[in-house]
Amino acid sequence: MAILLIAEHNNQSLKTETHKVMQAATAIGGDITVLVAGCNCAAAASEAATINGVSKVLVADNVVYEHQLAENIAALVAELGKDFSHILTAATTTGKNFLPRVAALLDVAQISDVIAIESADTFIRPIYAGNAIATVQSTDAIKVLTVRPAAFRAAETGNSAPVEAIDAKHDAGVSRYVSEELTKSERPELTAARVVISGGRGMQNGENFALLNGIADKLGAAIGASRAAVDAGFVPNDMQVGQTGKIVAPELYIAVGISGAIQHLAGMKDSKIIVAINKDAEAPIFQVADYGLVADLFTVLPELEQQL
Amino acid sequence: MKILVPVKRVIDYNVKVRVKADQTGVDLANVKMALNPFCEIAVEEAVRLKEAGTASEVVVVSIGTTAVQEQLRTALALGADRALHIETDLTLDSLQVAKLLAKVVSEEQPGMVILGKQAIDSDNNQTGQMLAALTGMGQGTFASKVVVNDGKVQVTREIDGGLQTLELTLPAVVSTDLRLNEPRYASLPNIMKAKKKPLDVKAADSFGVSLESKVTLLKVTAPAVRQGGVKVESVAELVDKLKHEAKVI
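So the protein sequences, as listed, match chains A and B.
Take the first sequence: its position 192, counting from 1, is numbered 207 in this note's numbering, and each next residue is one higher.
Take the second sequence: its position 63, counting from 1, is numbered 64 in this note's numbering, and each next residue is one higher.
These aren't lab readings, by the way, just hints derived from the structure by calculation.
All of these numbers come straight from a predicted model, not from anything done at the bench.
Don't take each hint at face value.
Sample of chain B residues at the chain A side, in silico, Cβ under 7 Å [stated by the list, open to error]:
#1 V16
#2 V20
#3 D94
#4 A134
#5 T166
#6 T170
#7 V210
#8 L212
#9 K215
#10 K220
#11 V221
#12 V236
Even glycine gets a Cβ: it sits at the ideal position worked out from N, Cα and C.
Between the sequences and the hints, there should be enough to build the whole structure, so can you do that?
Rendered as structure tokens:
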């Protein structure tokens with residue numbers, strides 16, 4: 016089997032999602048080639064070469080790939096992908112954007128959001144917002160999969176695979192990058208953090224989210240939010256943990272003032288340890304929490320920060 | 002400009018999903034069905050573009066059994082002008098759906114296709130991107146803002162790190178995210194009017210598209226249930242448990 020893994024990166028460095036998809040690729044088994052498509056992305060390519068299990072890194076370094084425009088990336092991946100049995104990438108907004116386009120160009124189905132590999136042709140994925148788990152088998156010649164990073168451990172590094180430049184310029188000419196507004200933060204990314212602390216509607220307003228900062232600093236945690244908190248305008252939507260936001264599975268998840276709607280649980284229920292802090296003892300979040308504390312968050316948070 | 006809005010009939014998002022005992026799927030017998038929430042946002046956006054004078058006609062299309070006509074009527078009541086029902090008893094993959102929609106695109110020649118980013122049953126998030134690939138159109142997925150101007154559309158997209166804005170040449174495919182708009186409720190007069198709006202029916206096998214899927218659903222199971230733990234009495238006890246019992250801090 017020959018597997019093509021499309022790396023996720025920001026041209027300078029590789030995202031940890033790539034290491035996690037690598038674990039899924041290793042579970043399928045076979046010769047694994049990583050594609051780094053970007054612009055001035057040599058550093059990201061060298062980083063990809065260090066992941067254990069990678070046999071070769073291909074670099075397509077061209078200005079047309081700078082912003083990962085789906086039209087251009089998909090044309091490149093579809094051209095390269097013909098010679099592979101599997102094409103994998105992370106089920107992030109980048110992967111979800113371009114990979115179905117690749118599948119259609121190759122005239123094969125895509126299996127989305129894979130959470131476990133049963134065999135080289137059989138995969139497990141959540142449906143109905145995680146309320147049901149489907150096992151599917153594909154007889155397509157090329158299996159195209161997006162992989163949910165939170166469901167896999169990151170592959171180790173230490174390898175030094177060869178890096179090969181490829182000269183391929185695909186410019187569909189139908190889309191153009193205009194701008195990006197990325198949330199700047201010194202904290203780890205939600206999907207990569209070992210600890211996540213999230214606030215819900217119980218936080219009452221955006222200013223109160225500052226109460227989470229001290230705790231996040233002490234634990235090296237990322238700060239998230241429930242959809243209720245996002246919809247109420249307390250915090251930006253990229254902080255949202257849930258079925259329609261980020262799917263996280265940290266070692267420790269602390270839910271503060273979050274009731275535990277199904278859509279939020281779908282985004283965090285695979286966390287190793289869940290802590291719930293809520294003054295409503297009947298909140299559904301307590302049904303999934305390993306440790307529940309029924310108390311007013313405004314007295315608990317300062318105390319918790321102090322005791323850590 | 003004509004806007005094509007493909008929509009899907011799915012289980013109502015308020016219904017608690019139950020897996021069938023024989024593991025063949027989810028129990029849909031006597032369950033409330035509805036227009037997929039992301040599709041509803043797509044219909045709303047198209048209707049707003051028409052109300053703003055940007056679009057001239059909104060055409061909705063759905064694929065499935067006769068039952069999908071209920072959702073097409075809902076979309077007509079929300080303001081779409083006419084509907085197309087592509088009839089089949091088969092459960093199709095996103096690829097087959099995209100191929101059928103590509104045929105509709107070549108017949109209707111819309112200036113823009115707006116559709117939901119995913120359906121809340123299969124959670125695939127594929128159809129829009131696949132349709133864009135098959136028709137050679139540009140794509141603006143997970144849209145939270147859509148601005149049409151002079152043969153182009155600027156789409157602001159919800160991405161993992163924040164927001165990204167792209168400019169696409171029309172015709173283009175736009176897939177909707179939750180924050181694009183808040184769909185209206187259909188008024189009673191509009192529901193009555195919708196009954197008289199045109200709804201064409203075509204057989205799926207009349208499009209010359211292979212409807213065979215290469216993906217087999219082997220089984221559907223319920224997710225592992227997470228057991229609740231203990232309640233702690235104080236912050237001190239919580240910190241102690243996290244340090245010495247769970248060993249995560």
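Okay, the hints, checked on the actual structure:
A hinted interface residue such as V16 (chain B) counts as satisfied when its beta carbon comes closer than 7 Å to some beta carbon of chain A; here the least separation is about 10 Å, so the hint is violated. Annotation: interface hint on V20 (chain B) holds; nearest CB of chain A at approximately 5 Å, less than 7 Å. The interface hint given for D94 (chain B) is met, as the beta carbon of that residue sits about 5 Å from the closest beta carbon of chain A, less than 7 Å. Interface hint at A134 (chain B): satisfied, since its Cβ lies 4 Å from the closest Cβ of chain A, which is below the 7 Å cut-off.
Evaluation of the T166 (chain B) hint against chain A yields a held restraint, the C-beta minimum of about 4 Å falling below 7 Å. Interface hint at T170 (chain B): satisfied, since its Cβ lies 5 Å from the closest Cβ of chain A, which is below the 7 Å cut-off. Annotation: interface hint on V210 (chain B) violated; nearest CB of chain A at approximately 12 Å, more than 7 Å. Interface hint at L212 (chain B): violated, since its Cβ lies 13 Å from the closest Cβ of chain A, which is beyond the 7 Å cut-off.
For K215 (chain B), the interface hint holds, since its Cβ comes within 7 Å of a Cβ in chain A; the closest pair sits about 4 Å apart. Using the Cβ-Cβ criterion of 7 Å, the hint placing K220 (chain B) at the interface with chain A is satisfied: the shortest such distance is roughly 5 Å. The beta carbon of V221 (chain B) is positioned within 7 Å of a beta carbon in chain A (closest approach about 5 Å), and the interface hint is therefore held. At its closest, the beta carbon of V236 (chain B) sits 4 Å from a beta carbon of chain A; the interface hint therefore holds under the 7 Å criterion.
In this structure, the hints that do not hold are numbers 1, 7, 8, in rising order.
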